[in-house]
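*Asks:* Residue numbers (the numbering used here), protein chains in the order written: chain P, 1 to 323; chain S, 324 to 478.
Quick caveat, the hints were computed from the structure, so don't treat them as lab data.
Check the hints yourself; a few may be wrong.
[Claimed, not checked] Calculated Cβ distances over 12 angstroms to all of chain P for the following chain S residues:
#1 E426
#2 G428
#3 V456
#4 A478
[Unchecked claim] Just so you have them, the derived chain P footprint on chain S, three or more residues with Cβ under 8 angstroms:
#5 405 to 413
#6 432 to 440
#7 443 to 454
#8 465 to 475
Only a predicted model underlies this, so the values are computations on that prediction, with no experimental measurement involved.
Ideal Cβ placement from N, Cα and C applies to all residues, glycine included.
Below are the chains, spelled out letter by letter.
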Amino acid sequence: MVNSSCPSLAVQALLQSLSHGQCCSLSALSHDSQLPHLAVKHYLDTLSQFGLALNQVDETHYQLDSSFEPLDSNLIRQQLTPNLAEQVKSIEVFTLIDSTNRYLLENAYNGQVCLSEYQSAGRGQHGRTWLAPWGGSLCMSMSYHYRQAPVLSGLSLALAIAVAQCLRALGAAVQVKWPNDIYWQGRKLAGLLIETRRLAQRCELVFGLGLNCRLPNDITIGQPWTDLEAALIDQAVPSRNALAASLLNACWPVLQHFPQTGLSPYLPQWLSLDALYQQSVQVITPLETIQGRACGIDQYGALQVQVGGQRRCYQWGEVSIRL
Amino acid sequence: MDIRKVKKLIEMLEDSDVAEIEIHEGEESVRISRYSSVAPAVATPVAVAAPPTTIVTPSPAAAPSVADSGAAVDTHSNDNVITSPMVGTFYRAASPTSKPFVEEGAEVKEGDTLCIIEAMKILNQITADNAGVIKKVLVENGAPVEYGQPLFALA
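Given only the sequences and the hints, what does the whole structure look like? Please build it.
*Replies:* Listed below in structure tokens is the structure:
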């Protein structure tokens, strides 16, 4: 079953035992994980340091703060569409990893999915770190390899639309902030990052997604944030395994078909999801900082900004809403 | 090919110790060499499929500016220049704190990552399509690059 030579599996087993919010004894946890008592204590201490909401009831009993379903590759696979279940070659769940995107970029074959309970160095746009407290978020990456050199301009927007539609189907009235952040009521709910390796005869793509599911209120992220629990208002947050499957089902077809379809089928949807539309914005590029009014995207996905009497298009840049 | 691009190329060539570079865009190619007795000539004007932000206007007006610079342009060479496959921002390292993927003088193998070009939150690792030595890094870290812009000269 589980042994101490593979800490990730042992830790995942500990989390499984604690996951239903029950109070567990050290002996029971030791039995389930096949770890000695001291090792169980050590792992649980470490997990607490990484942000797992764990209570030590007394010297020998532990309990999780809220009901917590650990990530489980079988549960995710069971909820994939038949077509997808065929295309997804593997689903790997880590307890702790530096970055699921980095892992897939370096190790991936086509059709690999990787999730982690905790990312110590999750990657955002150009090296910014994505902060993910234990079990409070969904960190998932997937690999898709293309033959030759596909034109992928606008793919980040199409994927953001797919993620937004998926969350809207659950009942969260989210919007998309150009180019591909998911926002709810002006606060960031999820971030997407696409990385590719362009080789002579193919293009290896990794798509990573970080979604806040349930974050502690006192957390500091450096920008206004929200979580799915808030965005769903009165509805219960689905388990992260169900969420992961829904997001895979929504995003995979986009990855698969984008080189043929391009962005055009997504343009009408963008219009209804655009968080910046008609907002007064500031755009910072390596060349300049300008202020203007956002007026949607062009057919290639570039942000259109009205500056005085002139309409400008931006393919890159940092955009913020001016209050 | 856009005359401004050709001019930029010439300027870059003059600031470097590279003797000549050759750029291919679709069916069109331009070779610029520093020390040549060949009369200045303009690349064959052929329409190039390029992303929307690149303006490609082959024009006979190219000839005078090329001549002014004292460099010669023709259409044949074996030199290897790695050009940008897209519009975006050029980064030499994976993050602001990491070391550059390659330095000038570094030997690279086919498939080695040379740089990242970021466009609309897609981080594209550009790899070497041949083994060689990086003779010159032609773009500064953090600078915007255009489709087809030369990034590295390989020897």
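*Asks:* Look at each hint and say if it fits the structure.
*Replies:* Verification of the hints:
1. With a minimum CB-CB distance of about 19 angstroms to chain P, E426 of chain S clears the 12 angstroms threshold, and the non-interface call stands.
2. No Cβ of chain P comes within 12 angstroms of the Cβ of G428 of chain S; the nearest lies about 23 angstroms off, and the non-interface call holds.
3. In this structure V456 of chain S is separated from chain P by more than 12 angstroms, as the shortest Cβ-Cβ distance comes to about 18 angstroms.
4. For A478 of chain S, the requirement that its beta carbon stay farther than 12 angstroms from each beta carbon of chain P is met, with the minimum near 19 angstroms.
5. Against chain P, the segment 405 to 413 of chain S contributes 5 residues with a C-beta closer than 8 angstroms to a partner C-beta. That satisfies the three-residue criterion, and the hint holds.
6. As drawn, the segment 432 to 440 of chain S meets chain P at 4 residues by the rule of a beta-carbon pair under 8 angstroms; at three or more, the given contact holds.
7. Three residues within the 8 angstroms Cβ limit are the bar, and the segment 443 to 454 of chain S against chain P gives 9, so the coverage statement holds.
8. Taking a C-beta to C-beta cut-off of 8 angstroms, the segment 465 to 475 of chain S contributes 3 residues in contact with chain P, enough for the three needed, and the coverage statement holds.
Of the numbered hints listed earlier, not one is contradicted by the structure.
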